[in-house]
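Peer 1: What follows is each chain in one-letter form.
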Amino acid sequence: MEIMIQMQNIFRDIFDNDSLVISEQTSAVDIDAWDSLNNIQLIVAIEHQFGIKFDSEEMTSWKNVGDMITCIIGKIQ
Amino acid sequence: MKTFKELKRNLKMDMSNKPSYRVALLGDSATQFLSVALQGMAIERGFSLNIFEADYNQIQMQVMNPASELHSFKPDFVIVFQSTHKLLENYSLSDSNERIQIFQERLNFVKSLPTLLNTQIIYFNYPEIDDSVFGNYSNSTEVSFLFQLRKLNFNLMELAVSTPLFHICDLSSIQNKYGRNYIYPAAIYMTTELLISLDALPFLASRAIDIIGAIKGSLKKCLILDLDNTLWGGVIGDDGIEKIQIGHGLGIGKAFTEFQQWIKKLQQRGIILAVCSKNTESIAKEPFEKHSEMVLRLSDIAIFVANWNSKVENIRYIQKVLNIGFDSMVFLDDNPYERNVVREQIPLLTVPELPKDPAEYLEYLYSLNLFETVSFSNADLDRTKQYQVEAKRTELKQSFASEQDFLRNLEMKSIIEEPNSFNIPRIAQLSQRSNQFNLRTIRYSEEDVKKIQDNPDCFCFAFTLEDKFGDNGLVSVVVISKKDEKTAFIENWFMSCRVLKRGMENFVLNQVVSACKKNGFMQLIGEYIPTPKNALVSDHYKSLGFSLTEDSNEKLFYLDLSTFKPRKTFISANQGNL
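Chains as they are written, first to last, in my numbering: chain F, 243 to 319; chain Z, 37 to 614.
One or more hints might be untrue.
If the Cβ cut is set under 10 Å, some of the chain F residues that face chain Z in the computed set are [claimed, not checked]:
| id | residue |
| --- | --- |
| 1 | Asp260 |
| 2 | Val286 |
| 3 | Ala287 |
| 4 | Lys295 |
| 5 | Phe296 |
| 6 | Ser298 |
| 7 | Glu300 |
| 8 | Met301 |
| 9 | Asp309 |
| 10 | Ile314 |
| 11 | Ile315 |
Please keep in mind that the hints were generated in silico from the structure rather than gathered at the bench.
No residue lacks a Cβ here, since even glycine has one placed at the ideal position from N, Cα and C.
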């Protein structure tokens, strides 16, 4: 859950919305501003936060926040 | 450097009262990130960009077609980002025998831009990609990508030398500093067309905005230097001249030597150097005079301020002497406390956050690109001398209670001449450069001056000014024409602003009046034609005792020569040929 809290902070920061609440089910359809520009900012922010690097296949495979977190866990363990 | 995220946030700021420039952005890959970074960076520098972004891959069409959106947008600047990546793709797709041709075509296209667009162009040069097809042998064969790419970058520089509208934004140099792995986001590119990483974009944007700033006149002209632990290691007042670290002997002296070498090159480029140090003046000057390893000497420093006043006070003094804006000055000091105080009190001044380790000073300062310029000429070279002399005058002025005592003490002399083969080029140049002290703003070519000289009904008087500190050369010119037997008209009167407030206009008027009387004139007429720049002299004739004419659409000023009393002046005449 630690990761979820960090993710929520990143989302709030990138989307400039302090009351934004995300869950594992949250996807691009739920957040209006989640366009391709913000998506890249999101990816880069997560990489910096956890000190990891995603490969291009991973970036295109996520359906929601839960997928992202699974991918992050796989990298930091 | 601000992050991309911070730059993006800037876009929410209200910039309605700030200058705005129209920028067309053309790229052969996705440009929306670059566009955001450029806009955000411009706001950092106090102006905004109104950006037209062409769909990517439309560069040729937008440029070639005079009816395109690009042309109808009428940009102040066109920024072109053609990537090495796409060029490599073209190269790879081509037949081996056509590969060199690609680079020639690209160069020809870029060469056509200034003519086709007829506006300021900022062109990103090509960061290198070594495709490793030939290994090191790339350097030995013309057909390798790297060989042609480096040649293209070189050719672009040649183009920039000969084309004032064409400016290179040195992306290649940015990649050299930060590395290709930092600049290019391989994984992200695969899904997005983004060729520059978010982390690197602010650096690119900054370099591009530097050029726009420089073209719009935002330039750094002066570098103010602290001494102890900034120019040398140690404290001169405590350690003494033998123990300060400079040169290849003691401690990290080498770092300071190389740092001074850089500063010396800036001085040679025309950046004015000033010293601002908390020290006893004679002790602070000692290394400059006596230390064999010092690169900088007193003759390199335009203004040397070492005392126990606050740095803020001293920097304000330096600014007053140089008479340039704080925003065109940079202050280097190793002491974080001093930096913060100065920053707080003089927010317009640039105060770089020097690294703790002097070994890092240079690479850090290189990365800031503080001294952007869009021109360089010989006129930049003797600037230090001019300002040194001006500093001496200011010093003298402060030692006198009254302006008059100061002026008397300057021992000013002026030579008055009519045009001759020696001074005609300078007369023409002064008429073209003087904007503020120029009563009718008539510009004269050298030919025009010769014609005035040959016309028996015209007179032209040129004045030099010299004082005990130095010779300012030819600084003022008056052109008179005969209106009728009794009346002379001042066609123009202009003067260099370097000699304002010396009472030069009183002296000039005395001379002109006496020359007019000799030629039998009874009255002198002057006219002031306002321009956006010459408000300085709107009351010129009035303050010299002329009276405004009664009937006037035209604003003419009259002076009756028979009742004229010579005006008080501290300048003595060295008669030339009057």
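Peer 1: Determine for every hint whether it applies to the structure shown.
Peer 2: How the hints compare with the structure:
Because the smallest distance between the Cβ of Asp260(F) and any Cβ of chain Z comes to about 14 Å, over 10 Å, the interface hint for this residue is violated. With 10 Å as the threshold, the beta carbon of Val286(F) comes within range of chain Z, its nearest partner Cβ sitting at about 5 Å, so the hint holds. About 8 Å separates the beta-carbon of Ala287(F) from the nearest beta-carbon of chain Z, less than 10 Å, and the hint is met. Hint on Lys295(F) holds. Least Cβ distance to chain Z is approximately 7 Å, under the 10 Å limit.
For the restraint placing Phe296(F) at the interface with chain Z, the shortest Cβ-Cβ distance is roughly 6 Å, inside the 10 Å limit, so the hint holds. Residue-level restraint check for Ser298(F) holds (minimum Cβ-Cβ distance to chain Z is 4 Å; threshold 10 Å). Interface hint status for Glu300(F): upheld, as the beta-carbon distance to the closest one in chain Z is roughly 8 Å, under 10 Å. About 6 Å separates the beta-carbon of Met301(F) from the nearest beta-carbon of chain Z, less than 10 Å, and the hint is met.
Nearest Cβ of chain Z to the Cβ of Asp309(F): about 15 Å, over the 10 Å cut. The hint is violated. Annotation: interface hint on Ile314(F) violated; nearest CB of chain Z at approximately 15 Å, more than 10 Å. Hint on Ile315(F) is violated. Least Cβ distance to chain Z is approximately 19 Å, over the 10 Å limit.
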